[in-house]
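2 protein chains.
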Amino acid sequence: MHETTQPRQLSLNAFIYPSGHHEAAWRHADSAPDRIYDVSYYQEIGRTAEAAKFDAVFFADGPALRQNVKHYAAPGLEPITLLTAIAAATTHLGLIATASTTYYEPYNLARLFSSLDHISGGRAGWNIVTTGTDLAAANFGLAKHPDHAERYSRAREFVDAVVALWDSWEDDAIVLDTESGIYADPDKIHEINYVGRHLRVRGPFNSARTPQGHPVLVQAGASNDGRSFAGQYAEAIFTAHQRLEDAQAFYSDIKARAASFGRNPEHVKILPGISPFIADTEAEAKALEREFNELTVPAYGLGQLRNLVGKDLDHLDLDGPVPVELFGDAGDVTDNSRSRLQVIAGIVQREKPTVRGLLHRLAGARGHRVFVGTPEQVADTIEEWFTKGAADGFNVMPPYYPGGLEVFAKTVVPILQERGLFRTEYTGTTLRDHFGLPRPESQFAGRAAAAQ
Amino acid sequence: MHETTQPRQLSLNAFIYPSGHHEAAWRHADSAPDRIYDVSYYQEIGRTAEAAKFDAVFFADGPALRQNVKHYAAPGLEPITLLTAIAAATTHLGLIATASTTYYEPYNLARLFSSLDHISGGRAGWNIVTTGTDLAAANFGLAKHPDHAERYSRAREFVDAVVALWDSWEDDAIVLDTESGIYADPDKIHEINYVGRHLRVRGPFNSARTPQGHPVLVQAGASNDGRSFAGQYAEAIFTAHQRLEDAQAFYSDIKARAASFGRNPEHVKILPGISPFIADTEAEAKALEREFNELTVPAYGLGQLRNLVGKDLDHLDLDGPVPVELFGDAGDVTDNSRSRLQVIAGIVQREKPTVRGLLHRLAGARGHRVFVGTPEQVADTIEEWFTKGAADGFNVMPPYYPGGLEVFAKTVVPILQERGLFRTEYTGTTLRDHFGLPRPESQFAGRAAAAQ
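Line order of the protein sequences matches chains A and B. In terms of the UniProt record's numbering, the first sequence has 206 at position 206, counting the first letter as 1, and numbering is strictly consecutive. In terms of the UniProt record's numbering, the second sequence has 241 at position 241, counting the first letter as 1, and numbering is strictly consecutive.
Read the hints as simulated data drawn from the structure, not as lab findings. Quick caveat, the model's predicted, so the values are computed rather than measured. Hints should not be assumed to be uniformly reliable.
Any copy, or any two copies together, can satisfy a pair, since identical chains are not distinguished.
Claimed, not checked - Restricting the straight-line Cα-Cα distance to at most 20 Å, the calculated cross-link-like pairs of lysine to any residue (SDA-like) are:
{"id": "1", "residue 1": "K144", "residue 2": "L199"}
{"id": "2", "residue 1": "K144", "residue 2": "R200"}
{"id": "3", "residue 1": "K410", "residue 2": "G420"}
{"id": "4", "residue 1": "K352", "residue 2": "R263"}
{"id": "5", "residue 1": "K410", "residue 2": "Q9"}
{"id": "6", "residue 1": "K410", "residue 2": "A345"}
Make the full structure from the sequences, and use the hints.
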């Protein structure tokens, strides 16, 4: 660790979900479900996040209709195009989209993110997922979703190939000598000749290196494979923890894994999700959360839970206790949905909720941490996690949009700024600048190899 | 044909190529090759096209580096993201991107174009190609580029699956009843259960139907398979003809094919390419073309021609005649690059150019029609082709950007408007409105089938 003149700064992403992260947000008067196909709605949210100096906005994604849309206002628009439109309405805000290594081709996905990085002047990030749902397989001609180990094996190859494509044109490949008629130096444009077990990609890429060198690599898997992948590749990690001690354990584990790969642990930003209900008093904040919970449709929540536990739940009494055996086999975390199950099992063991109580607990942010309180209390918990080795920042998941982000920006951000924890102005223009990440050199720099 | 109060109107697309369609444009002082990774450059071009009331901008594409970038300033940015950024800078302009059915997955591509149509308020078009170059295969793990018949067989399945995905949510699927907690009607969201020889896609799609019902289907293949495909699917066709009589024959053929599929031939717009060098006098226009031709690098043009004919050309004398046998076997048009060859063979037979002369001829627009003259002469030839059954409009291919589009917009468009051939104001907001195409009904409308 070297000394810096500025104290360590928080990172804050705004995780955009069409009507908000609370599953019933679309029914609440403060959301705008009629605008989830309206690009100006997302551009306004982007401007709100940028005015509050957020590092980035963040979108989840999966190539399937997995929600029960009878009772849920989603999914909406494809994130990479949507972020491109947000890029056009902002100047500094980072732009992170989730995309699947299981259901894309590396050349196509490399192009989309490269283009977003060029278009936005260096603000793109890719949240790498292997896709958790079986539903996607049937949209891609597969009889079955590949198993967890296979997906991670492909994911490693995929990221290696994509980064090599992004590196394919060295930074100084373009010569632009109109006099002699030399546009680019072929010795600085490389075939990547990637040959793996799942993927073969020759290259070269068909676009120049991007402002950030390459988009920021983000990751969100919490399984053992996911953590190992994160330690090796991820520059930012989105994670779900209910309790400080769990978050601290995860934080230490990932930083150690990064170091074991020879990486600087400071260049791996760990960002837990937090979904805050905010009001002037704690009682009002609790009343606000209750207002949303009372709008939930139990059939929706039970369906989501059934998908997760893989068991029929229709016999359950909403006002009876949650049977602990529902989560009996969630102890051994080998994949990400099971790690989500483990979080829920912890809630059930500690809090012993009724079925309805558990559904309300999960309605807020699908297992992510819901925090209910005043702006001071929200800032306090953010500071606590940030200073006690549990987080480098947060993926803020407003329960409802656009108001839930606006209230955070207006009431919590100024407190964090006053405490010196969060920027009052951007000090750079790229997402790497905001996250404090170095711009990577091309892996081909200095290597002689002709493209054609 | 029914009577209309307004005379038949031309369609005009601006086909955007980074520095212009002339291969040496990037060396000319009137181009801006330093801006081909700068989104504002394309947004300005889009605004120029919109101010001149163009129907659309159009981008070519292929997932490989196929140009010899030593002497050529390309390729640049990925078109769907780029069009999304242009959408944000315009309000009426149509937005057409080329994308490959051979090297994409239907679910992913359907999402990108659907999202572009939502974001732009109904301005998206997809130029469907099967990809003409072998270079792409190696970027997608294939030992060999699939043959022409296989590519078209997959293309038909691909378009059927994509259109079904776009139709998957009926127009009135979203109920948005916050009171009862019903967001969407599951009976109006359909699995597509597409099963073909190449592709299997279950659906449902994960986004609502778009403003245009679905993006406009554009096509550019000139082979027999390509024409048959166009007759069945295409709503607009981009084509290359040097001579009026060839264009007329193509036009009649496609309209007849469309009718044979039970379609209204007026709903298939045929748009030949035209690359105009424009100046106040014909002599100045010819001098301008010569200026560009003198900037060509023969090694680049020979390389492009070698890729097309598949024969080594290094032995050719630049100032000697073109050996006719180079194109000896181009008579039987079975695929699109051979139809391009046939166009070139026609030039060689009619004009008997030197090798250098042929390279100059092809430098302008890769076999598309280059027209050199005054604004009146350009307008005359456009009117002639439009009124004599050769074209419903044109894909305008400025030899250099941005100036080549600006001079067309400033000098040719007003003449076409004065003659009543081209709109002076947009009469609608979608690309379908501009092209005079109907909004298609969902193929699932009225069918009872539950999504989940």
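Hint check:
no.	hint	result
1	K144 x L199	both (19 Å within a copy, 15 Å between copies)
2	K144 x R200	between (22 Å within a copy, 12 Å between copies)
3	K410 x G420	within (16 Å within a copy, 55 Å between copies)
4	K352 x R263	neither (42 Å within a copy, 64 Å between copies)
5	K410 x Q9	within (19 Å within a copy, 53 Å between copies)
6	K410 x A345	neither (35 Å within a copy, 69 Å between copies)
Violation of the numbered hints given earlier is confined to hints 4 and 6; the remaining hints are satisfied by the structure.
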